[in-house]
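> Chains as they are written, first to last, in my numbering: chain A, 2 to 164; chain B, 13 to 198; chain C, 4 to 334; chain D, 74 to 748; chain E, -4 to 284.
The hints are simulated quantities; they were obtained by calculation from the structure and are not laboratory data.
Keep in mind it's a predicted model, so treat the numbers as computed, not measured.
Certain hints may be false.
With a Cα cut of at most 27 Å, we get these calculated BS3-like pairs of lysine-lysine [as the list claims (entries may be wrong)]:
id: 1; chain 1: A; residue 1: K120; chain 2: E; residue 2: K85
id: 2; chain 1: B; residue 1: K15; chain 2: A; residue 2: K33
id: 3; chain 1: A; residue 1: K120; chain 2: B; residue 2: K15
id: 4; chain 1: C; residue 1: K209; chain 2: D; residue 2: K684
id: 5; chain 1: E; residue 1: K156; chain 2: D; residue 2: K414
id: 6; chain 1: B; residue 1: K179; chain 2: E; residue 2: K115
id: 7; chain 1: B; residue 1: K185; chain 2: E; residue 2: K64
id: 8; chain 1: E; residue 1: K88; chain 2: B; residue 2: K185
id: 9; chain 1: E; residue 1: K85; chain 2: B; residue 2: K185
id: 10; chain 1: B; residue 1: K185; chain 2: E; residue 2: K30
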Amino acid sequence: MAEERFEPKIVAFLCNWCSYRAADLAGTARIKYQPNVRMIRVMCSGRVDPTFVLKALSLGADGVMIAGCHPGECHYLEQNYKAMRRFSMLRHSLRALGIEDERVRLQWASAAEGVQLAKAINEMVDQVRALGPLNWPSNWSEDVDAAIERIAEEHTEAMEVPA
Amino acid sequence: MAKPSFSDEIANLLHAGHGNPLRTCIQCGTCSGTCPVVEYMDHTPRRIIGMIRANLKDEVLASNTYWYCASCYHCTVRCPAQIDIAETMYALKRYSIWKHVHQEGLVGPVFSETFVKTILRSGRSFEPILATSYLFSSGARELIQEAFMGTKMMLKGRMPVLPPRIKRLDNFKRMVSRVIPLEADS
Amino acid sequence: MTKKGKLALYWAASCGGCEIAVLGIDDKILKVAEAFDIVFWPCVMDGKVRSIEKMEDKSIDLCLFNGAIRTSEQEYMARLLRQKSKVLVAFGSCAHEGCIPGLGNVASREEIFQTAYHDTPSTDNPEGIRPQPETEVDEGILYLPIFYDTVKTLDQCVEVEYYLPGCPPEPERIWDAIVAILEGKLPAPGSVIGAETTVCDECPRKREEKRIKEFKRTWEIIPDPEICLLEQGLVCCGIATRAGCGALCPTVGSPCIGCYGPNEGVEDFGARMMTALASVIDSEDPEEIDRIIREGIPDPIGTFYRFSLAASQLRRTALTTGGEDQAAASA
Amino acid sequence: MSEKVGVYICHCGTNIAGVVDVEEVAKWAGENLEDVAVSREYKFMCSSLGQELIEDDIKNEGLTRVVVAACSPHLHEKTFRRACSNAGLNPYLCQMASIREQVSWVVEDNEAATEKAKAMIAGAVNRVKLHEELEPNLVPVNPNTLVVGGGIAGIQASLELADAGYPVYLVEREPSIGGHMAQFDKTFPTLDCAACILTPKMSDVGAHPNINMLTYCEVEEVSGYVGSFNVRIKKKAKYVDEEKCTGCGICIEKCPKKVLDNVFEVGMGYRKSIDRPFPQAVPNIPVIDTESCTYFQRGKCKACEIFCPTGAIDFEQQDSYLDLDVGNIILTTGYDLFDCKAMPQYGYGRLANVFTSLEFERMCNASGPTEGKIVLRDGVTEPKSVVIIHCVGSRDENHNPYCSAICCMSALKFGHLVMEKTDAEVTSCYIDIRTTQKGYEEFYNRLLEEGMNFIRGKVAEVTDAARLPGEEDKLIVQVEDTLLGIQRRIPVDMVILMAALEPRADAKDVGLQFGISCSMEGWFTERHPKLDPVATMTDGIFIAGAAQGPKDIPATISQGAAAAARVQGMISVGEVSIEPVVATIHEENCSGCRICNTLCPFNAIEYLEDKEVSYINAALCKGCGTCVAACPAQAITGAHYSNEQIFAEIEGLLYDVISGNGAKAPRVEREPVPA
Amino acid sequence: MKEFAYFPGCSLEKVGLSYHLSTVETTRKLGVDLKELEDWNCCGATTYFHVDELLAYTLCARNLAMAEKDNLDLVAPCSACYKNSYFTNKHLKEDPDLAEHINYALEEDNLNFSGQIEVKHLIEVFVHDVGLEEIRNNVSMPLEGLRVAPYYGCQILRPRKDHEDVEQAEFFEDLLSAIGAEPIPYPLKLKCCGGSLILSSREAALSMVRNLLQNAEDNGAEVIATACPMCQVNLECYQQQVNQEFGTRFSVPVVYFTQLMGLALGIPAKKLGIGKEIVAATPLAPYAR
Ligand SMILES: Cc1cc2nc3c(=O)[nH]c(=O)nc-3n(C[C@H](O)[C@H](O)[C@H](O)COP(=O)(O)OP(=O)(O)OC[C@H]3O[C@@H](n4cnc5c(N)ncnc54)[C@H](O)[C@@H]3O)c2cc1C
Ligand SMILES: Cc1cc2nc3c(=O)[nH]c(=O)nc-3n(C[C@H](O)[C@H](O)[C@H](O)COP(=O)(O)OP(=O)(O)OC[C@H]3O[C@@H](n4cnc5c(N)ncnc54)[C@H](O)[C@@H]3O)c2cc1C
Ligand code: SF4
Ligand code: SF4
Ligand code: SF4
Ligand code: SF4
Ligand code: SF4
Ligand code: SF4
Ligand code: SF4
Ligand code: SF4
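Pulled out of the complex, with its shape left as it was, chain A reads as follows (with noise of 0.2 Å):
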């Protein structure tokens, strides 16, 4: 049998107008692409709160990715540049943290798109199975229990000695 391979989990967020119309575009037309990817519809890109990006990066996510409509084609006519500068600002605080800018990607696909946008999809799926797992939360689960009731012992060891 084949070695397990390692499967990211990549949280996506489609606007309304252009990249969930090329997902389903996608969809008519039968094109294949990893499964990795779980899409999550905002009417703009210019909806997607970094929070959101940080939230399903904690929650154990591989990888977000964010799809407009291409600049200048928004339904709302110009929030996708707003998308382009948060994203900007929120790939800079990333690395500063360490996350690797694969993990967190900005797509254009228009309703047109099929094709693109399952391409991106499975390039970046590709991009994020070889940096391996992001599993965050390892980054600040420490085991202490054991010394805190260390500390709670000694403390009882040492209250039933008279002082």
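Dock chains B, C, D and E with the ligands against the given chain A, drawing on the hints supplied.
Coordinates of chains B, C, D and E with the ligands only, in the frame set by chain A:
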């Protein structure tokens, strides 16, 4: 794995175009309408593209079309599907040289190989060697004409007498061998 | 008033400023003393942990806990006081969201020890001694608390009833909170006691629509005294920081650095700053945008998470070195 | 109170069930997801039986939330919302998970597909529990309509509305309505004379009591929202008093200044400094062109003023402004013709006898510069041979990738006209002949019968470099006859370029002004390419005609009428419901930082100076959520896309990861320390 | 003063010696400093690409890398050298994988391509970097009355598409006007001369040469000016064979534009290599010093 089709093979040879496929050709004929040498070709450039797409490998390789292409790039700049036709012609030349299949009696392939060998030997080109070595394989009439002109040009000081060389030839050869295996004689 | 309540105050990883802030309520401290018996306040009066351990559960009415959790001992104290107190208040930014001690989360224990016990110029440690959780001496084994890789907030260790934000909390707000507690007019458990809007609300500066072409550092400009600092290019966290301080910093021309923490309902302070600032950058060219951000905000963590890194969604930078040694040794 | 969620998983025949193990997923959802009261799978959820299933469960099981895992919400969200509504559940308490388009159709491995479907459903269930009941907002609709662009599309739309009894303002930026159609001689495929069918319509517009025709005007500013837009119109000075002018034309006759007409006559003819574009212009009022007028340029002349019998000339006239209130807007701004100079290989502008299609139209037109005679640039010589080149600037990645849709038919029309009016031989060089509408292929057949020649091949170049005998003093068209596989050089006297239709040069600006978007090329984007071709993403703004994409007159008219019908529908209902997916600022949390103020492209966000807080006008908000994501105080919430709902969805999507690492949330409760 | 890395190319060493000489003279006169690449190699004309694409890129990249070392833009007077260098530069800049591959080979010669510089054709340097105004100001012997057919050839313009004028260039005419000559319009000015076919497909090439000469002559050209040694050899040296083959009587001098410029700038004819022609450049005599 399935063997790549002929059209895939040709697409893969178009490195700079990232294998820009010929699939988007709409067979409009702009290329052939443009081509200045089309009357000498046995198939028009458009047909060659159509034939590649139809995987008519033997017919394509047997054609003289790609050896007649003058690399004028006029078709390339005009193609409405942005296909680099001239580059495709190069790809066919390469393919046929590698596979040693091309129409009998064509001068082009011999010339190309000789030319490249010269450069790999010296780093620079040297017209007399080139002309003579290729002329062994072509007719006497051209030989006389070429010798006639060569002498004339030599008299005018326009033909080199000694072959030029570059200085760091060793480095150069090693560099080349990192890209393609050098033949023993070079 | 029939029976006096019992009050405990404790400090964990903190600077002591919060303790001073408590004293900042001035003569009102007497009213506090009227209402409460202070059973534990290590900073001010002698007391024994043991006596707390012996107390009945929930016998302390109010515990004001300041400081973040950096060591196992602090976590032990947090658990202990939790168990003994009816109402546990995360007092001040450190307990609330990690504050400056929480910025230690940009490094690992290993890196911190390396700096503190080896690399600083003033260190004289020829034998390279480092604190160890366990040391064998002739008398037996000596234990030291474990120094965590990751600083935690109080509520990451134990359940907390209320939060009092600020570095330190303003004395007026402390008094307001105490009054609320005394009068039993408390919000739902889990709430922050404070305003529900941000510093801009209290800031007297004039505001226009915001469009930022360039971020400036404080030493680069002498800000106009009337106009919003952010509009002058200074990264002012007043937009995202909970009101309560009276806009102390921006009023005197210094941009807000965010000590009062995020507004009600916000999950990540830094994200709010990032998104707000990025939204109003005045460019549509990705390279230009990158440049403005890179040059204007060289230290995004220090800028956006100065007080809240430990409480943020990601809590810390990726842990590359250090890790298991101490915890493993103690187990 | 916990919610009772119903989960419905659709097989979509085998579309979903063929890949996703729907039984397993339904069982899993029922057993593992919190608050799920009912979990079912069914063959076709969108069928009436499928919908009944939901309705029954809502009634009988008391469901408070519904999740349908089926196709894309773009397809059936409305269907399932309606089902909920029918059963008395607020429609916004329903959520779909797209397990067809995003799972079964795109995932190869059945197991992986089933896993992904579970995650998507977990996300939807988590989210739907936080949904809120929403009610659409109702606003009244002003019965006035603004139509921008007086081509055939705008004319049709205006007449439909006016005939139905509603007031229309028709704004046209040129001095006369009529658009491109007014320039033509005949129209394919029936070859009716363009003027014969257009002029009556134009005069109807001019005379209609319900139409207020505003020619030589431009829209300056637009604000407001569906039902009540406010529009500011700039009336450019005509220097002729419209009230006094009778259209006698004496001024035109007397004006001494003749200039090349680059607009209506596309450079083929001349006009006076005071003139109307063409004799049948509506309104029949001339306009002074200050750029060329002797008086405006040199301060002397005034011939027109002197001769005008009614004293209508007014050199002092200024631009003026008009403010209108309208309920709906129809944009019918049409197209521009591709600039053939961008393809120098065809010689336009260099080789005299290369004409553009529009030039040729003017030449054929009996009232045009040559009075309908087909002649070479010298104005007298009749061509003996003509080549028509198709796809000039169309179907060409170097210029416009799309097909311009009308030029094949126009080329056939031209072929017919040339052969009708001259003895010339006509050859069309084409890539494909596209004659897809009713009667079009028949027209092609007719031209074949009439003897027009066809060569399949895109022309490579047109040159005057003679090489072979017979080429001297001719234009040589070099082309591959692709059906024969040979290159041909065809010597001819005249070449006609079938230039592409392009979006108006200012289309993107106009789009921005009205808050609608354009395709990459610049065509106005419709709400749905198949199902809603005349509406746009902005409610109350409709599009019709060639502004939406290249099309012929029948299609243009249909769209004009369709847009008008849509507007009539809005007016007759009298009020319009606005999607409740809008953003709201919570005043008590807003600090008045003004970060959000610049962010809304629909100007929905205002700053209230007195309260020092920002405010969102729900009627203007389109619900994009950008401001919601931006507010640093988190004072803005977005209905149906709140942070909590999205967080919940993220948690659901990652259900399998979260349970794996025990870090459900950063805040952890611990057991008390033992005493 | 403007400085460029100069890549003369093999042809200029001998066949196109007069191009080299006149280039050196004219640039010097106009204050352009050409620094010859110290150990350049052949660009391979078009034939490399017949044999191996990567090899072709490698050889061109070696020259580019040497120019990068000096941090100078590369200028080539030969159209083939220019086109090969230009596209190698472009493709390598756009495709980091390709660049990595090529750099692996360049390591052997201690070179590295990083995409720092631009590649220009000599005529571009005159038209854009020096500027027509500057040239006009330096003309001491305007070539008044000399009817010149500017011959662009292929590869200055094609396959580059970012020139807005690939189909209808005018800059050669502008340059000729600037030195006082009279550029004659003739439709085939951008057509291929068949240069790369002359050895391999002579029949085709000769017919292309004939068409060009015919078109230039029909339109009244006294001389043809070229900007490429290949074109020059092709159009000039094969005239006799064209005459034999087609029974024509062409005798049109074909000179380098730099030679014409040199004369106009008052440089002695000898220094410009005038006199090395096979078809004597008699129409230039009145302007020669
Ligand atoms: C050469 C040629 C021949 C053709 N022949 C035929 C044919 O025989 N049969 C056929 O069915 N179709 C034919 N067509 C297609 C036909 O022209 C179009 O289908 C039709 O004209 C589209 O009408 P429209 O109203 O959408 O646009 P247009 O005719 O372009 O009208 C748009 C109007 O809007 C005005 N306008 C533009 N912008 C503004 C603004 N910002 N503010 C105010 N006003 C503005 C313009 O001045 C113009 O009056 C032909 C097209 C061409 C190019
Ligand atoms: C194979 C094929 C594929 C196609 N694919 C596409 C595509 O991908 N995209 C696209 O845009 N178009 C496509 N089309 C075209 C599309 O089918 C038509 O444009 C569209 O269906 C026309 O709709 P309709 O309502 O006019 O007619 P119809 O769909 O034919 O509907 C007419 C209805 O009227 C009923 N009816 C008929 N006579 C009577 C009567 N006397 N009394 C009562 N009822 C009656 C019929 O039963 C029928 O339900 C395709 C067509 C075909 C043949
Ligand atoms: S020009 Fe391009 S699209 Fe047309 S036939 Fe040639 S390769 Fe195909
Ligand atoms: S590049 Fe070759 S195929 Fe293309 S037009 Fe020139 S000679 Fe013909
Ligand atoms: S200075 Fe700071 S606190 Fe004051 S208004 Fe501006 S952003 Fe807000
Ligand atoms: S609801 Fe959607 S998925 Fe289900 S049967 Fe209908 S179309 Fe198919
Ligand atoms: S004033 Fe102007 S418009 Fe009137 S007649 Fe004179 S030139 Fe013509
Ligand atoms: S309609 Fe005909 S001529 Fe026009 S672009 Fe389409 S195919 Fe070409
Ligand atoms: S961004 Fe938020 S706090 Fe600032 S003005 Fe807007 S709503 Fe108010
Ligand atoms: S949600 Fe979008 S449309 Fe609505 S007010 Fe905010 S920015 Fe404007």
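> Does each hint hold? Answer for all of them.
Hints versus structure:
1. A/K120 with E/K85: Given pair A/K120, E/K85 holds - Cα atoms ~25 Å apart, limit 27 Å.
2. B/K15 with A/K33: 22 Å, holds
3. A/K120 with B/K15: 24 Å, holds
4. C/K209 with D/K684: Given that 27 Å is the threshold and the Cα spacing comes to 14 Å, the pair holds.
5. E/K156 with D/K414: 16 Å, holds
6. B/K179 with E/K115: Distance ~25 Å between B/K179 and E/K115 Cα, so the pair holds.
7. B/K185 with E/K64: 21 Å, holds
8. E/K88 with B/K185: Between E/K88 and B/K185 the Cα gap is close to 24 Å, so the pair holds against 27 Å.
9. E/K85 with B/K185: Cα-Cα ~25 Å, so holds.
10. B/K185 with E/K30: Holds - the C-alpha atoms of E/K30 and B/K185 are around 25 Å apart, at most 27 Å.
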